[in-house]
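Got chain A; can you put chain B on it based on the hints?
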Amino acid sequence: DIQMTQSPSSLSAAVGDRVTITCQASQDINNHLNWYQQKPGKAPNLLIYDVSSLEPGVPSRFSGRGSGTHFSLIIRSVQPEDVATYYCQQDDDLPNTFGQGTKVEIK
Amino acid sequence: QVQLLESGPGLVKPSETLSLTCTVSGDSITNYYWSWIRQSPGKGLEWIGYIYHLGNTNSNPSLKSRVTISIDTSKNQFALRLTSVTAADSAVYYCAKSAYHGKETFDVWGQGTLVNVSS
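Chains as they are written, first to last, in the working numbering: chain A, 807 to 913; chain B, 10 to 128.
Chain A extracted, bound-state conformation (with noise of 0.2 Å):
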């Protein structure tokens, strides 16, 4: 199985900093990298397909960049409602696999 490594694992934030998560790939993943994000109690919600390509709906804050093994969700200011875990998955290969997860939290 491909391994998917978030880092970190938690970080804390003040309205309105630029936040970046990394996901690094254990192969190559052909640029087949989602993001979602997971809010308390819910079920995730996908916000960013195919490293770059914005979910509908998604406020224009969050972007993707990457390619080969190395990927980052960058929000460019972030909000209290991004109070949340972010999940990178690959679905280049099967089975499909997530990361551990990043814990957004608001100072």
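Since the hints were made in silico from the structure, they are not lab data.
Accuracy of the hints is not assured; some may be wrong.
As the list claims (entries may be wrong) - Facing chain B, a subset of chain A residues (Cβ under 8 Å, in silico):
no., residue
1, P850
2, L852
3, Y855
4, Y893
5, L900
6, Q906
From a predicted model like this one, the values you see are computed outputs, not experimental measurements.
Backbone N, C-alpha and C fix where the C-beta goes; we use that ideal spot for every residue, glycine too.
Frame of chain A, contents of chain B only:
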């Protein structure tokens, strides 16, 4: 707008079979791939398997020998059976819809149902 709702027992005894159903509303089940995904504190998010109405199925090799996913187009439902469960199968189980651009990209999720395996 597609909505998904999981249903099934919240408690299953060790060695028995876990059975869950996902009811799809808002669109025809024949239009997409459908998956089961589970989440536990120990293993995080784990994809279990998917199905398409024409019979295409695939599942995680780590669970393949114990998993059956089926579909009932007349009821707009699909189902999961997981046999010989142990405490390690305790998790929140989600059903999810695949996006049009990727059968393992999940753009709609159910609310999840907690299943505990315990005697």
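Taking the hints in turn, this is what the structure says about them:
Residue-level restraint check for P850/A holds (minimum Cβ-Cβ distance to chain B is 6 Å; threshold 8 Å). Interface hint at L852/A: satisfied, since its Cβ lies 5 Å from the closest Cβ of chain B, which is below the 8 Å cut-off. Interface hint status for Y855/A: upheld, as the beta-carbon distance to the closest one in chain B is roughly 5 Å, under 8 Å. The closest approach between the C-beta of Y893/A and any C-beta of chain B is roughly 6 Å, which is under the 8 Å cut-off, so the hint is satisfied.
Annotation: interface hint on L900/A holds; nearest CB of chain B at approximately 6 Å, less than 8 Å. Nearest Cβ of chain B to the Cβ of Q906/A: about 5 Å, under the 8 Å cut. The hint holds.
Of the hints listed earlier, there is not a single one the structure fails to meet.
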